[in-house]
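With these hints in hand, go ahead and build the complete structure from the sequences.
Per the working numbering, the sequence shown runs over residues 1 to 69.
Be careful, since some hints might not be right.
Pairs of lysine to aspartate or glutamate, DMTMM-like flavour, derived with a Cα cap of 25 Å [as the list claims (entries may be wrong)]:
#: 1; residue 1: LYS47; residue 2: ASP34
#: 2; residue 1: LYS47; residue 2: ASP60
#: 3; residue 1: LYS50; residue 2: GLU40
Read the hints as simulated data drawn from the structure, not as lab findings.
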Amino acid sequence: MSRSEAGSPPDPRGAERFNEERATYTVKGSTQPDLAAGVEAIREVLKTLKPRPGVYRMLDARGDVLYVG
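Structure below.
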């Protein structure tokens, strides 16, 4: 992933890389999240991350920030 300076626009590949749109559908239409699908989604993302510090975010279906780590 390319590095961007603070205040710069986010990397346009982010949604593809983290499958944010697909992840949204993991919980839609159910009263409970699909735990197995969620774990698999996390494992897929982990495979793409480099072993160095970074900032990552999780968003809900509306795009509101749930977690930054």
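Against the structure, the hints:
1. LYS47 <-> ASP34: Status holds; Cα separation ~20 Å.
2. LYS47 <-> ASP60: holds, 22 Å
3. LYS50 <-> GLU40: holds, 18 Å
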